Every structure is written in C-alpha cells, then in structure tokens.
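Engineer: Given the coordinates of chain A, work out where chain B should sit on it, guided by the hints.
The primary structure of each chain is shown beneath.
Protein chains: 2
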Amino acid sequence: MSKGPAKAKRGIPSKVENFSDWYPFIVEASDLVDKRYPIKGMDVWRPYGWKTMRLIDSLTHSEMERTEHEEVNFPLLIPENLLEKENALVSRLKRARENGIDPDELRDEEEEGGFKKEVYWVKHAGENDLDIPMFLRPTSETAMYTMFPLWIRSHKDLPLKIYQMVNTFRYETKQTRSFIRVREIHFFEAHTAHADEECASRQIAEDLEIVDNLMDKLCLPIIKAKRPVWDTFPGAYYTIGIDAVMPNGRTLQVASCHHYRDQWAKAFDITYENLDAQQQHVHQTTYGMSERLLGAIVGMHGDDNGLIMPPAIAPFQIVICPMIRKNSEVDTIAESNRIAGILRAAGLRVKVDARDLHAGQKYYDWEIKGVPLRLDIGPRDMAQGTAYAALRTGGKEPLEVSNIVEICRQKLDEISEELRRRSQAHMTDVMIELPKFFEQNGTWNIDGEVEDGKIYEIAFDGTDADAEIIEKHTGLTFLGDSTEEYETEKPCHMSGKMTKRRVILAKTY
Amino acid sequence: MSKGPAKAKRGIPSKVENFSDWYPFIVEASDLVDKRYPIKGMDVWRPYGWKTMRLIDSLTHSEMERTEHEEVNFPLLIPENLLEKENALVSRLKRARENGIDPDELRDEEEEGGFKKEVYWVKHAGENDLDIPMFLRPTSETAMYTMFPLWIRSHKDLPLKIYQMVNTFRYETKQTRSFIRVREIHFFEAHTAHADEECASRQIAEDLEIVDNLMDKLCLPIIKAKRPVWDTFPGAYYTIGIDAVMPNGRTLQVASCHHYRDQWAKAFDITYENLDAQQQHVHQTTYGMSERLLGAIVGMHGDDNGLIMPPAIAPFQIVICPMIRKNSEVDTIAESNRIAGILRAAGLRVKVDARDLHAGQKYYDWEIKGVPLRLDIGPRDMAQGTAYAALRTGGKEPLEVSNIVEICRQKLDEISEELRRRSQAHMTDVMIELPKFFEQNGTWNIDGEVEDGKIYEIAFDGTDADAEIIEKHTGLTFLGDSTEEYETEKPCHMSGKMTKRRVILAKTY
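For the protein sequence lines, the chains are A and B, in the order given.
Counting from 1, position 177 in the first sequence corresponds to residue 206 in this note's numbering; the numbering is continuous, with no gaps.
Counting from 1, position 308 in the second sequence corresponds to residue 337 in this note's numbering; the numbering is continuous, with no gaps.
Pulled out of the complex, with its shape left as it was, chain A reads as follows:
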C-alpha cells in the first residue's frame, strides 16, 4: 500500500491511511444516508443512496426474472410459537449427532436455536399485552415454511422458486456501520423447494451464477467459499459464503447460499406427492444478499475524492456541466440539455447541473458522489462540436458530440473495466499463502508473520481441531473451502496429505 502523505482534500480523510474514518465520512458526505436518526444502527436512506440501492435491486430483479423466481411479500411479524418448529429442527440435528450420524459436524454454540437473542420483540399493541409475542423477522425461513405445506402438493408444484426484498431486523450489540452492520437491514432472500437433493444442488449452482453476473456488473471480485461446518447456518446442510474484500484486507460477507437438504422440510412437514404417488419431503435452498453490497461498492471503489459508482448502478451515469459565462451569446445550458436529451433517449441516466456555481464546486459535488463520467460544455467546446469529458477513474479528453451516445457508452465500459481491474488487482495483492506451521515439543508454531491487511490461502485437509489451532494462532477466520480449488494437489498445511482443497482465511467484518 502507498504510504504517501495523507491527502486530506477538503476534509475527506485519506482512504488508504485511514479507511475507518474515510468510510463513515464518505457515506454521509456523498448523501447516501443520514446517520443522525435517533436510533443507533438505523440510518435514513437519502434519495441518492436509496436510488443506488434500488438500481442494485433492479439488477437482482432482472436475474430473478431470467431464472424464473417469483416475487412475494411476507408479513414482517412472526409469532413466537412458530419458532418451536425451528427449535425442533435444531434439536433433531443434535440427536442425529448424538446417535453418531456425522458426529463431528456441529459445535455446541450453534445448537441454541439461533435468533432469539438477536431479535426485536413485539409483546404489546395499543394498550394490550399480546397473547403470543411476535418478533420482527431477522430472515423469513420460519414465516415462509409455515406456508409452503399449503402451496406444495405434488411434483407439479416443484420447483417452487420465490424471493422477496424487504426490511429485516437484527438487534446488533456490536458497533454499527452504515450498510455493513445495521439494525434494520434492506434484505434480499430467495427460497426454493425441489423434488430432491440433486435439484436443490443445481439451484445452488444457479445462485452462484447469478452472484457472478451481479458482481461483474458491480465490478467486485469475490471469494466463494463453502463455510466450515461450525460456521454453517443452523439447519443448513452446507453454506456457501460470498465475501468481498475491503481495502483494509478484511472480508465482508455480502451474500450466502444455503443447501438445506430436507432438514427444514421435515421440521415443517413440507411434502409432495412424487411420480409414484408417495409423499416425499422437499429439498430446499435459500440465497440471501443485503445492503452490504452497497457497503462493498463504497469501500472498494471509492478514493480520496469520494465514491466511484460502477456505471451499472450509478444514479447518474453522466453529469453535464455547462460553463456559465455571464453575457455570453452562446447558450451552453441549451446545448447541455440537448445532449442530455439524446443520451437519455438512449437509456442513459444523465443529470444536467446548471446551477450558478463555480465549476470547482460542481466538480467537487459530483466527484464525491462518484458520477462515472462528467461532460463539460463550454463555448469553445461547442464551437468545436465536442464535449470535454472527465472520467471519474482518471483521464480527460474531448468527445465528438455527433456520436455522443456510442462514445459515452464506450467510456462507461472503460470505467467499469478500470474498476474491475483495480479491485481485482487489490484482491490479487492482498491474497497470499499462509506461512507454514510446524510442531515443536508438542506445540504448534508458525514459520513467519501474519500481516494485517492480507487474506491467506492454504492447502488444507485437516480436522476441525487443526482448523481451531490455525485460527487461534493466526487470529484469522476460516472462510472455508474456495469453490476454486487448486488445479493440482498440494500437501495439506498441517497433515501433509495431498489435497486440492484451497481454504481461505481472513479477518472479517
């Protein structure tokens, strides 16, 4: 990382040197959110932030439509007694373990039945005590799977693929951070039911393909890793976590996919009549994402001048700034509006900033908001039939107005490419191999230092106990087995056994 002097441009903290100040500063200075609402961890989405989030959502809607998921909307409140089934599921898994089925697959802390300690409770309404307390959904398995038995009867009803985008709630006791750790969460959740395990597995593959499509649009490289058993969602057969990498080298889980097999179906009695007229439990999956996507975009792409919005989700992809000269005969505002009209007709999102302000102030405003492309229109530009472009990723050049749509599209593509290149370079830069472990006099030692700001990979084929040793020694968290294995076998970091398993470790948000 660069260690140059702090670039405290007009009050913006340096991103590289002081990311933990830069991030909270920039989310407010760019008008994404207002944190002054009087509940900690519940921000107000301002128009610019909400528009950005809705554009991210619209990419998700498109993918959902392409893959034939249908949108639903479930009630926010869940009666406490529905949790009994969820608790039964968890204890069933416990019994399975006690009876020797997959004995090592669960640790104790996951078995306490999840969310009770993390939810907001509604026990009163008006002046009444409610008979059955309710809680604000932290996620909707319980609510949805109560309805699934009513909707699924035969194999013709499968696959059932639904999703919703809703507010969810978690009573966070840790320090909150806009988009990253909040108490009201703008959330996406897809839930599916299938005839058998294999169909559900294919759904997970489809989910990961959707993730790839979205991340490409958001210009974010990611790590997809099958979480270790102790970090698997309660009730899941396996969990794949999708992590973005932040500038400080910490990973941020932005999405996750869970394969539930028929575990929830057994708890909620979700069956269908198969082709042999037998009742059979469905196999289920979920796929979740949240406003953390926006947190990753802010964190990864921004710089010391503010945000840089990936063109696919920029509320304004282009801002046009007419140079306003008093008493000039040349109407730069009219020309700006004309060009904006042409660009808008081609489907681009364009803002004309005709405010009577110094150009420098306008540039500052749109840079901090991360508008990818700025076009300045002055009398000289007009005489030459050009607009003077400034790319938010760097570089300035005159563009031919006669072919402005095509050229702007090309420039926006270049900006996306540049953002991908930078974020991928960062990922490559921070991901290194973990130093070797060696045993000496019965204790484990590490042959080198664990640096801050790095993500580590190892070939690993050890036990949970081995993993615990590594986590304890390094202070890193196992993200799990990368979906991209090593191409050829390598010796396991601890056992020495040959393996293709490529395990990722990181400090996480």
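Hints are computed from structural coordinates only; laboratory data are not their basis.
Because identical chains cannot be distinguished in the list, a pair is counted as satisfied if it fits within a single copy or across any two copies.
Listed next, the in silico DMTMM-like pairs over lysine to aspartate or glutamate satisfying Cα-Cα at most 25 Å (straight line): (1) 64 / 298; (2) 391 / 186; (3) 80 / 99; (4) 64 / 158; (5) 146 / 109; (6) 80 / 94; (7) 190 / 86; (8) 146 / 201; (9) 145 / 158; (10) 526 / 260; (11) 152 / 109; (12) 152 / 201; (13) 391 / 426; (14) 146 / 158; (15) 529 / 497; (16) 391 / 364; (17) 536 / 241; (18) 145 / 109; (19) 185 / 226; (20) 190 / 63; (21) 185 / 394.
This one's a predicted model, so the numbers in the text were calculated from it and none came from an experiment.
Structural biologist: Below, chain B alone, put in the same frame as chain A:
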C-alpha cells in the same frame, strides 16, 4: 341492482347479491394474497398480487418523478420520546382553541395525541428491556420531521419534496379485510415543505392532479372531499379525502392529502432563512395512499367470473392459449410464442399458457385472475392469419395477426374505456340527493328513506351541530365538501341559506 338468481359459477359467490362473500373469496381464489398466515390482518402477498401492487406503485413512481419528488427510506422504528413533540403540537392546537382561535374547529376525541392506542410497541430486544420504547410507524410524520430541521436551512432548500413506499402498521381492533383493513399496510407517503402557505396549497393542487392521473389509469371514478373539521387529520389545517365507491355503495378512502400550514413546523422547529435573512417556519403537506387502491380495483371492476384487471396494471395484459391437438401437424405453441414475442417487443405484458389442459380450465384460470385480453390460437386461426380474441369485459372476435400489436393496444384501450364507463355508471347510479329534512315540534325529521347502497349529496351550509343531526338521523358519514361544487347556488339542506357547497355523505369502510 339486478335481482336475478345467484350465479354461483364454480363456487364463486355472486358479486351483486353477496359482495361481502365475493370479495374475500376472490382475493384468494385469484392468487392475490394468502390469508392463512397465522396473524390476523397480515396476509402473504402472493406473486400475482405483489406484481399487481408493484405495477400500481410504478405508476406512482412515474408521477413522483414527473413532479420532482425524491424517494427516501426511513427507519421503521420510532422512539417513543419523539411523540412528545407531536403531543405538544396537539395541545398547542387545543390552547389555540381555548384562547378563542377557531374555537369550533376541533372535537375532543382528536386531541388525545393520535396513534398511541393503535401502534405496535417494541420494548424488548434480545433478552434486554429497551431504555426507550419504540413503535412501528403507523405513518412517518414524527420520524421525518425530526430530520427536516437538519436538511432545511435556507429558501434554496425549498421546496423539499420526498416520498417513500414502505410497510406501516396499525393495531386494528375492527374486523380485518384484505387490502381494505389490514394490520401491516403497504403504504405510500409524500411529505413536502414549502416557503409559505400558498406554495403548500399549490402542492395540494398538484397532489390532486396526480390522483386524477392515477385514477384514470386504474379506471376508478373517485370523490374528492374536504373533510369536515372533526374528521381532519390531527395537526392538519385541512384534509382532502379521496374516496372510491365500492359495489355495495360504501365509500373506501384510498388516499388523502393534508395541508399542515406551519403547525408541525412549529412543533418540530423546522425553519429556513428567507430572502430577508429572517428565520421562518416552513409550510408542509402530506399525501398518502395505500394498498386500498388494489382493494378498490378488485371491488369495483370484478364480476362473477373473477377479477378484471385494468390494462395499465395487469401483470399479464394478454394471455395466449394455443389449442393443443395431439398429432396435429400445425404447431400452435410455436405460433403463440412467436406472437407473444412480437407483443412483448412492443412493451406489452404477455403470458403464453401452453399447459396441457382443457381449454375451459385455462379460460377459468385467466378469467378469475382478470387478464384483460385472451388470444386463442388454433389451427384454423393460423390458416386464416388470425387470433381469436376474448375480451374480459365481454365480446369475442378474430384479430389480424399481421397487425397484432396495434390491434391489441386498441382492444386494451377499449377494455379500459369499458371499465371506466361501468364504474362511472355505478357511481352515477348510486349517488343521489338526500331527502329533505324538516323540523316538527322541535325535532328533525327526514322526508323519505335513506336507502342502503346509496351515496348522498346535499347543498349544505350549516353548523357542525346541524351536521351531527344529519349523521345521527341517517346513519351516514359526512365525507365533506366535494371539490366539485354546484354550478349554481342552491338552498342549504337545513338552514335554507343559498350555497354552492356540495357535501357528500356515505356509509364508509
């Protein structure tokens, strides 16, 4: 109303004879919602219902964009202590009354500070009691006006025009009804702040224009009436209620606009620096709508075969049903998909139903869902280059496939027109003049009967006491002064004074 025999077509209750059974039956049978979620008054939005609601929302989004409102998203939870300002406002209005300013304008029941008895309370999170109880928003004045002083500084910040579409909550103790009276409400609310009362009044005019545009798309005639003072929203200077008319002649308030003058601004200390560098309170308005719009659409347009969706918000505007003949050489499915492709490319929402079912079953499914236009494609139609159209509002005819986009658009317009004609005819049919009142031996009597299923209008220039007499005698509710006055003066129904004021009375939902 027709008194023919009940048309119990495949289990659907008769709408005309038994609207109170027809409505709950049809909202579930058409897959709009599922009422089996285990909290009364909180339905699950199924894909078809949610898609319809989102299409209604998208009309609203367009109008908001046209009128330069910006979308925000506020937290759901509101700390109880913020209510203190709202309570202060209400008591200020009370003092104003006690000091002789507008003494008759308030009745007591509005002064108890609104929502406390109607909200859901969050007093616990995880295993903790919260220091400050919070409630689920019933509407967002309190939340928003806490932030407005931070956003508004000078006249340059005005007008401030924002809106949000969110879930709101009301602890209903009355009988719940899908869309019409629910406990979790899909809600639209616009909030504006202006330099002075006149600017705020112009905003109300703009709101009513938006209402007209939307209702035209939804094919719903409405009554816009300035609510009597005792039915004005607490803290409002005046309220305009927008009521749809249901088949049983009851009115359903689907929207409302409030002019707040500077009353809330004084309570929440929302000021701006005016052109004379003086601090001045803003004038505010709100405009709200809810999922009741969908309730009105279901109620007004449906018939004994199911829903009839106005084309502007129909999830599928056209369904194409290929006639499937085993061993036929003519591929009606391919032709259906080809036509669907042409229609979709023109921006129409089209479904091809290629299920291997009896045509009658398909027709039933799409009729109950209210798809406006059905095209049947059989081998004979193909040979003739036609598609056989069935309009959901009645009528069948072959359409030329060679010009299918233009003809379908025309047919959809005809269907919209027919829905407008029918609902307007209903409105005209049910709205009549109230029989005269006369005083005899010190008591008031009415010179005729008040019929069920009718809406009444009167020329009225009386006092609140007069209004109370009328309400008590008739069992009707004052909707208030119609925004459409009489063209020439008429004698007031009670006082005999000449007036243009046209007051509407109805039984309400």
